[in-house]
Amino acid sequence: MLKVRVIPCLDVKDGRVVKGVNFVDLRDAGDPVDCAKAYDAAGADELCFLDITASHENRGILLHVVQDTAEQCFMPLTVGGGVRTTDDIRQLLLAGADKVSINTAAVNDRDFVKRAAEKFGNQCIVVAVDAKATTSGKWEIFTHGGREPTGIDAIEYAQEVVSLGAGEILLTSMDRDGTKKGFDTELTRKISDAVSVPVIASGGVGTLDHLVDGVRDGGANAVLAASIFHFGTYTIAQAKQHMADAGIPVRL
Amino acid sequence: METVAIIDYGSGNLRSAGKAFERMVRENGLDVRIDVTGDAARVQNADRIVLPGVGAFGDCRNGLRAVDGMWDLIVELVHQKARPFLGICVGMQLMARWGLEHGRHAGFGWIDGNVAPIAPGTGFKVPHMGWNTIQLPQEHPVTRGLGTGDLSHAYFVHSYAMEPADPNRVFGTATYGAPITAIVAQDNMVGTQFHPEKSQATGLTLISNFLKWRP
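Protein sequence lines correspond, in order, to chains H and Z. Just so we're aligned: 133 in our numbering is position 133 of the first sequence, and the numbers increase by one with no gaps anywhere. Position in the second sequence (from 1) plus 252 gives the number in our numbering.
Don't read these hints as lab results, they were simulated from the structure. Where a beta carbon is used, it is the ideal one built from N, C-alpha and C, also for glycine. Please note that a few of the clues may not be correct.
What the hints assert, rightly or not - Derived SDA-like pairs: lysine to any residue, alpha-carbon spacing no greater than 25 Å straight-line: (1) H/K132 - H/H64; (2) H/K114 - Z/G262; (3) Z/K377 - H/H242; (4) Z/K271 - H/T143; (5) H/K190 - Z/V378; (6) H/K114 - Z/G281; (7) H/K119 - Z/W323; (8) Z/K271 - H/G219; (9) Z/K377 - H/E118; (10) Z/K377 - H/A244; (11) H/K37 - Z/V277; (12) H/K190 - H/K119; (13) H/K13 - H/D217; (14) H/K181 - H/K119; (15) H/K37 - Z/G315; (16) Z/K377 - H/D217; (17) H/K37 - Z/V288; (18) Z/K271 - H/E156; (19) H/K114 - Z/R356; (20) H/K119 - Z/D260; (21) Z/K271 - H/K181; (22) H/K119 - Z/R466; (23) H/K114 - Z/G315.
Said to hold, decoys possible - Quick partial rundown of chain Z residues pointing at chain H, CB under 7 Å, derived from the structure: (24) V306; (25) T400; (26) S404.
Can you build the whole structure from these sequences, using the hints too?
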């Protein structure tokens with residue numbers, strides 16, 4: 001039976017993990033490779049690096065981080081942040097990423113998703129959908145970390161990028177991100193029902209019940225969280241056991 | 253010293269594949285060199301061949317064909333000289349006669365059958381992506397010690413799967429709405445639909461078995 005995936009996400013800036021990871025026995029909490037190894041050993045199903053490096057000149061540092069991680073962790077790795085060209089994707093894949101997450105570049109140029117999927121295969125193209133609820137009971141795509149509205153309907157957008165070749169949707173509720181109030185399960189369910197590809201729910205996890213809600217109510221195929229794992233609030237094993245106890249198939 | 257060639261023809265990420273093989277060489281104390289190469293002259297002398305592959309069947313086929321002499325060399329080494337062969341993901345699918353992804357493309361044709369779209373039914377997402385358990389309907393030296401039930405998780409990412417004409421070629425299956433061919437084997441050849449290099453303990457065990465396999 002296929003299992004629901006639990007994916008810790010590390011924000012990486014200039015080659016360092018932002019905020020760090022609070023694990024016992026971790027040699028360097030700010031080193032993405034050490035953090036990745038710890039999550040690998042802890043039973044994470046995949047790992048996600050989100051590069052928030054401001055300058056494009058420092059991209060080389062990220063590639064080194066991806067290389068070092070791929071050499072030591074035999075688990076799937078998704079890398080996102082600042083992916084703008086097919087050459088960016090190629091470099092990340094060559095460094096050892098398995099999947100690449102495209103965000104703003106897909107909003108600005110929908111055809112980029114098509115070109116990327118044709119060149120590298122749908123299986124490695126993840127499109128990040130950052131959405132906020134509007135007053136009319138819909139959800140709108142936002143860019144720039146939730147600051148820039150685009151007027152694009154989130155559900156229609158998700159369907160469009162999937163038709164262009166996205167192999168997976170990384171869905172973040174910008175209303176919930178950082179709030180610890182749980183996923184926007186209504187949004188997650190709408191998107192999950194609207195597309196044929198797997199959906200990763202992201203944004204807002206504060207308790208282990210939230211992970212269950214994202215799958216059971218939201219229909220997500222994977223759940224992504226950052227702070228509950230990084231700060232040691234819960235371990236990956238605790239999260240999975242809690243999900244298993246709620247009847248969700250996970251890899252224990 | 254043995255050499256294992258992991259064939260690089262521009263398809264996907266070979267760094268972790270190379271490193272996973274190197275780790276298993278070290279842990280088993282083997283006298284084996286891992287060579288990730290797109291050079292037919294170097295593959296020529298390899299004792300074992302590993303063919304990875306991601307993306308579409310036709311693209312992988314064309315990518316491999318575009319490397320001077322590589323396709324014919326693989327046929328010669330694997331099919332005629334019977335060197336141990338491991339195909340991974342699309343590398344495994346290429347062992348089949350036909351791939352039906354975006355048209356109809358000829359594979360190596362070592363295993364009779366097609367690579368066809370998976371059809372898990374309603375409520376199942378495609379691609380089949382993530383960790384699934386594998387069942388082993390037959391024993392094989394390369395799957396020894398792989399574990400059963402919840403100890404047999406492997407990482408899959410695919411929308412097409414091999415349907416061998418002869419069910420005796422199937423040495424591993426997964427269930428995703430319907431049964432999916434996860435491992436095939438025949439003579440000196442073995443192929444996995446999942447990614448051993450991404451499958452933590454399950455994958456490393458399989459790689460280790462392949463390195464020691466004397467078909």
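Structure-based check of each hint:
At most 25 Å may separate the alpha-carbon atoms for a hinted pair to count; H/K132 and H/H64 exceed this at roughly 34 Å. Taking the CA atoms of H/K114 and Z/G262, the gap is near 19 Å; set against the 25 Å cutoff, the hint holds. The suggested pairing of Z/K377 with H/H242 holds, with an alpha-carbon distance near 24 Å, which does not exceed 25 Å. Restraint check for Z/K271 and H/T143: the C-alpha separation of about 37 Å exceeds 25 Å, so the hint is violated.
At roughly 17 Å between alpha-carbon atoms, H/K190 and Z/V378 fall within 25 Å of each other, so this suggested pair holds. Restraint check for H/K114 and Z/G281: the C-alpha separation of about 46 Å exceeds 25 Å, so the hint is violated. For the hint linking H/K119 to Z/W323, the alpha-carbon distance of about 21 Å falls within 25 Å, and the restraint holds. Among the hinted pairs, Z/K271 with H/G219 is inconsistent with the structure: their alpha-carbon atoms are about 35 Å apart, more than 25 Å.
The suggested pairing of Z/K377 with H/E118 holds, with an alpha-carbon distance near 20 Å, which does not exceed 25 Å. Restraint check for Z/K377 and H/A244: the C-alpha separation of about 21 Å stays at or below 25 Å, so the hint holds. The suggested pairing of H/K37 with Z/V277 holds, with an alpha-carbon distance near 20 Å, which does not exceed 25 Å. Proposed proximity of H/K190 and H/K119 is contradicted: the alpha carbons are some 29 Å apart, above 25 Å.
Straight-line distance between C-alpha atoms of H/K13 and H/D217 comes to about 34 Å, which puts the hinted pair past the 25 Å bound. Of the supplied pair hints, the one linking H/K181 and H/K119 is violated, its CA atoms being roughly 39 Å apart against a limit of 25 Å. A C-alpha spacing of about 33 Å is found between H/K37 and Z/G315, which places the hinted pair above 25 Å, so the restraint is violated. Restraint check for Z/K377 and H/D217: the C-alpha separation of about 16 Å stays at or below 25 Å, so the hint holds.
For the given pair, H/K37 sits about 24 Å from Z/V288 by alpha-carbon distance, which is consistent with the 25 Å threshold. Pair hint Z/K271 plus H/E156 does not hold up; C-alpha atoms about 41 Å apart against a cutoff of 25 Å. The straight-line distance between the Cα atoms of H/K114 and Z/R356 is roughly 22 Å, inside the 25 Å bound, and the hint therefore holds. At roughly 16 Å between alpha-carbon atoms, H/K119 and Z/D260 fall within 25 Å of each other, so this suggested pair holds.
Straight-line distance between C-alpha atoms of Z/K271 and H/K181 comes to about 40 Å, which puts the hinted pair past the 25 Å bound. Among the hinted pairs, H/K119 with Z/R466 is inconsistent with the structure: their alpha-carbon atoms are about 37 Å apart, more than 25 Å. Pair hint H/K114 plus Z/G315 holds up; C-alpha atoms about 20 Å apart against a cutoff of 25 Å. Checking Z/V306 against chain H: minimum C-beta separation of about 6 Å stays under 7 Å; hint holds.
With a least beta-carbon distance of about 13 Å to chain H, the hint placing Z/T400 at the interface is violated under the 7 Å criterion. With 7 Å as the threshold, the beta carbon of Z/S404 stays out of range of chain H, its nearest partner Cβ sitting at about 10 Å, so the hint is violated.
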